Structure formats: structure tokens, C-alpha cells
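Peer 1: Please model the complete structure; the sequences and the hints are all you need to start from.
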Amino acid sequence: MLAAVPLLAVAACAETGDNANRVNEINRDRFVSGDGANYRWEDPADRFEAPRLTGTDLDGNPIDTDDWAGAVIVVNFWGSWCPPCVAEAPYLVEAAAAFEPEEVRFLGVNIRDTADAARAFERRWAVEYPSISDEAGRVADQFVDYGLSPNDIPATILIDAEHRVFSIWRGELDDAATIIADIEKALETS
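So for the sequence shown, the working numbering puts the first residue at 1; every next one is plus one.
Now the in silico label distances, taken between C-beta atoms and shown as ranges:
{"id": "1", "residue 1": "124", "residue 2": "98", "range": "19 to 25 Å"}
{"id": "2", "residue 1": "38", "residue 2": "116", "range": "31 to 37 Å"}
{"id": "3", "residue 1": "45", "residue 2": "174", "range": "29 to 35 Å"}
{"id": "4", "residue 1": "61", "residue 2": "39", "range": "29 to 35 Å"}
No lab work stands behind these hints, which were simulated from the structure alone. Since the structure is predicted, the reported quantities are computational estimates derived from the model, not experimental observations. The beta carbon of each residue, even a glycine, is placed where N, CA and C say it ideally should be.
Peer 2: Dropping the structure here:
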């Protein structure tokens with residue numbers, strides 16, 4: 001019986017239309033805060049290829065990480081209803097501003113929010129970088145093999161300039177300096 005519970009959760013994520021909105025409302029508080037672990041592959045030979053991320057940003061513009069060839073990419077999974085995501089938002093904004101003139105791109109992946117709630121979150125925290133709306137969890141599913149669950153938020157993944165995974169943060173970032181240091185290290189070794 002317990003083995004069926006994860007399958008029910010996956011089936012619930014596949015719902016569409018009004019039923020999907022109902023499922024999302026029910027599941028909003030059922031997120032798993034990351035364990036705070038950080039995994040880093042400093043040797044480029046040890047890194048694995050990051051999946052190509054595509055979607056539509058909150059303004060309806062297409063996003064494709066293949067268009068960011070040669071750039072280091074910071075991918076942050078978040079939801080406006082997630083307290084640790086709210087707590088780390090200013091740090092991500094600060095880090096993005098620190099690398100604005102460089103070949104570093106930030107991409108949010110918004111989990112289970114309505115477009116209005118996600119845009120309100122971005123306005124509140126002055127988030128300038130784009131976020132893909134991932135209400136169904138399809139973008140997050142691409143990282144399951146890397147030890148992340150679509151419910152494991154917040155999570156931040158740093159992808160090097162060759163589009164290999166440099167580091168994974170499973171949990172809330174406590175400051176901007178931590179992610180800035182990781183980005184600098186990825187820029188050095190890419």
C-alpha cells in the first residue's frame with residue numbers, strides 16, 4: 001500500500017484543467033524541504049550533462065537553455081507558497097546582479113503556482129531573471145536521476161559553461177556569498 005503512494009502523487013501531477021488546479025491546491029503544503037546537502041563536481045571530467053530545459057517564461061516568452069551555449073547557468077526551483085523559497089529569494093537576486101555583465105544566466109523554475117502568484121512573487125522580490133512555469137513538474141522531473149524530486153524545493157543547480165552539472169544545492173541558500181562562490185568556481189574550471 002505504501003508503495004502506491006508515490007504513484008498516486010505522480011498521477012496527480014499529470015492531471016490537467018480544473019482537476020489539476022484542485023490537485024495543486026491540495027498539494028501546495030506537501031513539499032519536501034531539501035536536506036541542505038550540497039554536491040559539487042569540481043573536476044570537469046566528473047560532471048554529467050545537464051538536461052536541456054525548455055518552456056515558457058511567466059510573460060509567455062520561449063526559454064531554451066541551448067540558446068545559452070557557453071554560459072554558466074543557475075537553475076533555481078521555487079514556489080511562492082514555499083517559505084524557504086521566499087527566504088532565499090533576495091540572495092538569488094543579489095547573486096544574479098553580481099554576475100550581470102558576465103556569461104552567467106539565472107533561470108527560475110516555478111513549481112505549482114498560478115501565473116499571477118508567480119508574477120507577484122517576482123515583483124515583490126525584484127526578480128529580473130526569467131522563470132519557467134512548471135505547474136505540472138515536467139522540468140523538475142528531468143532532474144530526478146540527479147537526486148532531486150519535483151517536491152524537493154527549494155533546490156538550486158549550477159550548470160557549467162559546457163552545460164554539465166557543477167553543483168546541486170538541496171535546500172535553502174542562507175546567503176548570496178555561497179552561490180556567488182560556487183559560480184566563481186564554475187567559471188574558473190569551465
